[in-house]
Amino acid sequence: GAVVSQHPSWVICKSGTSVKIECRSLDFQATTMFWYRQFPKQSLMLMATSNEGSKATYEQGVEKDKFLINHASLTLSTLTVTSAHPEDSSFYICSASRVTQPQHFGDGTRLSIL
Amino acid sequence: AQTVTQSQPEMSVQEAETVTLSCTYDTSESDYYLFWYKQPPSRQMILVIRQEAYKQQNATENRFSVNFQKAAKSFSLKISDSQLGDAAMYFCAYEGGGSEKLVFGKGTKLTVNP
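Protein sequences appear in the order of chains V and H. Under this note's numbering, the first sequence has 70 at position 15, and the numbering climbs by one with no breaks. Under this note's numbering, the second sequence has 1452 at position 14, and the numbering climbs by one with no breaks.
No lab work stands behind these hints, which were simulated from the structure alone. In this text, all values refer to a predicted model and were calculated from it rather than measured experimentally. Where is the CB? At the ideal position from N, CA and C, for every residue including glycine. Some hints here could point you the wrong way.
[Said to hold, decoys possible] Some chain V residues near chain H, calculated using beta-carbon distances under 10 Å:
{"no.": "1", "residue": "Gln97"}
{"no.": "2", "residue": "Leu99"}
{"no.": "3", "residue": "Ile148"}
{"no.": "4", "residue": "Ser150"}
{"no.": "5", "residue": "Gly163"}
{"no.": "6", "residue": "Ser167"}
[To be verified] With a Cα cut of at most 27 Å, we get these calculated DSS-like pairs of lysine-lysine:
{"no.": "7", "chain 1": "H", "residue 1": "Lys1547", "chain 2": "V", "residue 2": "Lys96"}
{"no.": "8", "chain 1": "H", "residue 1": "Lys1544", "chain 2": "V", "residue 2": "Lys121"}
{"no.": "9", "chain 1": "V", "residue 1": "Lys119", "chain 2": "V", "residue 2": "Lys75"}
{"no.": "10", "chain 1": "V", "residue 1": "Lys121", "chain 2": "H", "residue 2": "Lys1539"}
{"no.": "11", "chain 1": "H", "residue 1": "Lys1539", "chain 2": "V", "residue 2": "Lys75"}
{"no.": "12", "chain 1": "V", "residue 1": "Lys119", "chain 2": "H", "residue 2": "Lys1544"}
{"no.": "13", "chain 1": "V", "residue 1": "Lys119", "chain 2": "H", "residue 2": "Lys1539"}
{"no.": "14", "chain 1": "V", "residue 1": "Lys110", "chain 2": "H", "residue 2": "Lys1539"}
{"no.": "15", "chain 1": "V", "residue 1": "Lys96", "chain 2": "H", "residue 2": "Lys1544"}
{"no.": "16", "chain 1": "V", "residue 1": "Lys96", "chain 2": "V", "residue 2": "Lys121"}
{"no.": "17", "chain 1": "H", "residue 1": "Lys1516", "chain 2": "V", "residue 2": "Lys96"}
{"no.": "18", "chain 1": "V", "residue 1": "Lys75", "chain 2": "V", "residue 2": "Lys96"}
{"no.": "19", "chain 1": "H", "residue 1": "Lys1511", "chain 2": "H", "residue 2": "Lys1493"}
Only chain V is shown next, with the shape it has when bound in the complex:
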């Protein structure tokens, strides 16, 4: 099956720093990548959708300047949480898909801001 790699799996950093999370589709070219946030015991909340070479489309309420998304190639998308604060602590999950195929998810990143 399709493999999506997400790195790092867990990161702890100080308040005010920026954190970059990578999402790679290892065995297919993804036309679209998605970024989700998941709070404890809740469902996935879509943050943004990104297509290679174009700007990401953010969901309502998601701060574009806080959560920077770059989709550099058909196999790589990055999410940068800028000037992170404790309220940004969460579980972030990416997924990748291509036309007519289901989304395949990375293993997620647990972000803890001290």
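Given chain V's structure and the hints, the job is docking chain H onto it.
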């Protein structure tokens, strides 16, 4: 807007028994996809099964099968011969209307008792 409802926050089943998880959705589209994803404690999102709305035949993957009732907008998941490894959160999801976005239900936590 499309919505997905999972009315059972928690379910439990005895090992080797059968359990059915409920999902209903609301859409005005005629062509769409429905999914069941499994999220074990590791928090990895695993695709369990996918159903295409234009196919009348219910999808099946080994011990997992769905009961897709298009007119009733119902999409339940049946797990046969339940195993301890089936314990997880199960999310029902919808994709349609020309969008690749997934709309998730709130999830059902399945416990498998030995």
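Query raised in the report: Looking back at the hints listed earlier, which ones does the structure fail to meet?
Result: Going through the list in order, the structure violates hint 6 alone and respects the others.
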